[in-house]
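Q: Dock chain B against chain A, hints included.
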Amino acid sequence: MLKVERLTKTYASQAPAGALTVLREVNFSLPAGASLAIVGPSGSGKTTLLGLCAGLDTPTDGKVLLAGADLGALDEDARARVRNEHVGFVFQNFQLIPTLTALENVLVPVELRGESGREAEARELLARVGLGERFEHYPVQLSGGEQQRVALARAFMNRPKVLFCDEPTGNLDGETAAAMAELVFGLNRERGTTLVLVTHDLELAKRCQRIIRLKGGAVISDSQTETP
Amino acid sequence: MNFILKMAWRDSRAARRRLVLFSLSVVLGIAALVAIGSFSANLRVAIDDQARGLLGADLVITSRQAFLPEVTAHLDGLGGEQAREASFSSMMIFPSPEGDRTRLVQVRAVEGRFPFYGEFQARPGDAPAQLAAGGPVVLLEETLLSQFGLKTGDTVRLGRVTFTIIGAVLKVPGDSVAITQLAPRAFIPLGQLPATELAGPGSLVRHRIALKLPPEVDPAAVEREMRQKFITERMSYDTVEERKRDLGRVLENVNGFLSLVGFVALFLGAIGVASAIHVYIRQKITTVAVLRCLGASARQSFAVYLVQGLGLGVLGSVLGAALGVAVQLALPAAMAGLLPFDVDFFVSWTAVARGMGAGLVICVLFTLLPLLAVRRVSPLVALRAAFADRPARPDPWRIALGVLLVAAIAGFAVEQTRSLVLGLGFTSALAAGFAVLAGLAKAVAWAARRWLPRGLPYVVRQGVANLHRPNNRTVLLLLALGLGTFLITTLYLTRTTLLAQIQGTGGAGRPNLLFFDIQDDQIGPLNTLLREAGHPATQQAPIVTMRLRSLRGQAVEDLLKQPENRIPGWTLRREYRSTYRADLTDTETLLSGEIVPRVAPEEEIVPITIEEGLARDMQLQLGDEVEFDVQGVAVRTRLAGIRKVDWQRLQPNFFIVFPEGVLEEAPQFYVAALRIDTAADSARLQQAVVRAFPNVSAIDLTLLLETFDTIFGKVALVVQFMAFFTVATGIIVLAGAVLTGRWQRIRETVLLRTLGATRRQLVQIQLVEYAILGVLAALVGCLLAVGGNLLLAKFVFKTAATPDLLTLGLAVLAVSVITLLTGLLSNRGVADHPPLEILRQET
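Quick mapping for you: the protein sequence lines, in order, are chains A and B. Using the numbering used here, read the first sequence as starting at 42 and increasing by one per residue. Using the numbering used here, read the second sequence as starting at 62 and increasing by one per residue.
With the rest of the complex left out, here is chain A (with noise of 0.2 Å):
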């Protein structure tokens, strides 16, 4: 489902010290349904080999095959619409669209294919997430917790074949967090969904079939975990 290969990333800079690569000879494949944490200290390339893999930003080096596509051969259009049929996110910080309900910010996705007539797929992902009776309030009249539950509703909406989920639980505290993990691995384990989680969170991490740990770009260990 995934496949990644020698993937580098290098940003030119003016700096003595020359151009700074950030990623360095990445390589890894994940089958569909498995799912993978990428760990590592602040730095160390987590968050830029997400956006790699999601199509999000074009490598220096090495390629990225998602869903069947190489990614590097794609246009700026043609990633957006790989990323619109096959891919979910989760963000740190949520990213919900300010001026638009729970409920439209979940129909987004399909929306932007053209389709209509899914409301009520859209709700019942909401009610899946336990927000059934918020389908019209605003981000701003939702607690951190709500606003990822509709982020995470928002991310299972175009029946994604990867989920990339960039420190899902980050802002949020202990309880809600373990709420918030329990929701992610459930949907990801019922939709049959390839994961992809960048995280701090050994606990969290140990969740998901396999651990990266990367390090000044590199990867530094991969592993299997004992989970099923």
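Since the hints were derived computationally from the structure, they do not count as laboratory data. Treat each hint with caution, since some may be false.
Output of the computed footprint for chain B on chain A, the stretches with three or more beta carbons under 8 Å from beta carbons of chain B [unchecked claim]: (1) 87-99; (2) 133-141; (3) 150-162; (4) 240-254.
Because the structure is a prediction, the values reported are computed rather than measured. Just so you know, even glycine gets a beta-carbon here, dropped at the ideal spot from N, CA and C.
A: Same frame as chain A, now just chain B:
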């Protein structure tokens, strides 16, 4: 498409009031364009409908001399009807128990059934018929009756005849309202003219024949034939078509000028919109990034905001058009005194569409500038905001859009002014103002970063730092405020310059009362009278009339017949009123050659001087020979000197000056000028002179100033009416810019509040920032206005610009205070919110 419209609508939810406010910036500009365009269409229709009434006849022929018998014979042969008129300026005497009073009037001695088209409007309605019946009766300008408290049946004197007033003139086809301000009209029967003894030699009588031609005769063909047949006669011809064309041209010019003023308001508004959208889009970057993450293409996300921009433009255009139509209703009242005909009100949908179109195009082009940034928002911003600050590559679309914008503005300006030079000049002036202000803004931001003294109080440092920190409004505010100040101040400075030009005519000790039409035998007794009255003439000049016979050996008739002749016909045909004296007056300077003070009577070729403009028109060089016909006597002359003349003085000035010793024996008359300080003395002196010499006329500067003032007042009303649009737009843009800033800075203000800043400190920080911006914008705007005024004075009004420190001081003060007040008022309430509420909203 569905998604784009839906998303654009939903996304605008929290900002609709703000977007409506942005759209208000262009409303007034569009309103001005629509109002002017539609009103001009009303005028055009009025001109077409009333075309024949504009002239009152099919053809009007005017001459400074009595018509030659050949001319009248030719006209009689055409058939149809004729009406004749002799008109000239003269002093009218208004008898009164407290002593006679006098006033310069325009005597119109008429005969025949004029006007043939349109209506001679008078009160009572049968007064024109009484006038046509003849006898010593006069029909006076309505203003004269009220000024002197006269009524029908009262008497007035003109020359040697006493006339009975039969009514008031209201409107005569072909007459301009502005001209009647200077010399009110007095209609008398032509048969009474000889008895007045006013139309003697030397008096400037204008002879006119109005013709109603048989339907099969084409007035233009008659004109062509007569121009050929009487090529040496200086006659002017007026046909309905020409009158329509002339009026149309004037109308186009006025329309063009007013449209440019309206366009300036639109331009200013569009800058306001662009600056507001710029900030708006910055706030939307995360939303765009999220949309991109969710699969929206660059085009889709751009389209969402383009729809909002278009919506804003459409809203502005619709509101502007509606307001424009309302304003159009008010325009006839503002222009009433300037229009020679009645105007019916109707809405010109073409003008509405054009105004809305221009508004929409300019608004959308300006909106596109900041919107282009949306295309380049990386989806990575959703992951990490820092990605937003990656250096951008130059965007070819932005460059193309800039070029398109300049082309659109230049195209509009050229279309409105119908002149490539003026249109491009207008565009360049705007561009220069824009460049200077943008450059200054960058310099201010740079200086604020570099030279902020550490020792200053915290609030001052914070206020100054706001000028250069990220999200600063320095460039946008300085542009909007500075350009507004520049345009409005230029309008007022130009007004001052024009007024000063008129007032300067009679400044410090210069003559302000002029007597003319003084006969040869009257000059001595008149001088005695003036001396005895204690106001001797400070200047007097004899006038001898003459015509050109040949130029450099070529007869005038031959020159006029040569197709390759480039010398204007009027310089060859006209009657010259020349003088003779030994030296220059204080309004003259010798540019080249010499002044020969005196020549012996037997001198064969007389050395004369000619005014520089005329010498240029006649293509004369020093030494060239010119022969004159001085009332039947041939006089050979050579060009000995070229003079520059300041015509803007109330004193006798001449195209051609002879030395003493040649013209003394020729039939001549005089003008005399003097200085008199009070209006009452001037009136008394004029009465005394006119009583003794009824044919002598007087004009005083007070009358001229009053006339200019009345006409200028009417023009100024229109200009101020239009300037209002610019001023009001400036204030809306300012409020918009400050409000935008409020949204932009709210987080920072709240953080400061959270960290313990008091309300007073927050206000002080804003005070410092807005005071610096306001004062700077006002100073630079005024500086640009001084430059603009200098250029306008030099190249358009051909005069020296008058420094007007009061206007400049007021402008600086007003702009600074308005900026400060608007800034503080728009930020009002920010400090009242609990920090938590706003911090929460921001997430």
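Q: Compare the structure with each hint and give your call.
A: Right, here's what the structure says about each hint:
1. 87-99: holds (count 6)
2. 133-141: Coverage by chain B holds for the stretch 133-141 of chain A (7 residues, Cβ < 8 Å).
3. 150-162: As far as the stretch 150-162 of chain A goes, the hint holds, because 6 residues have Cβ atoms under 8 Å from chain B.
4. 240-254: violated (count 0)
The structure is inconsistent with hint 4 alone, although it conforms to all the rest.
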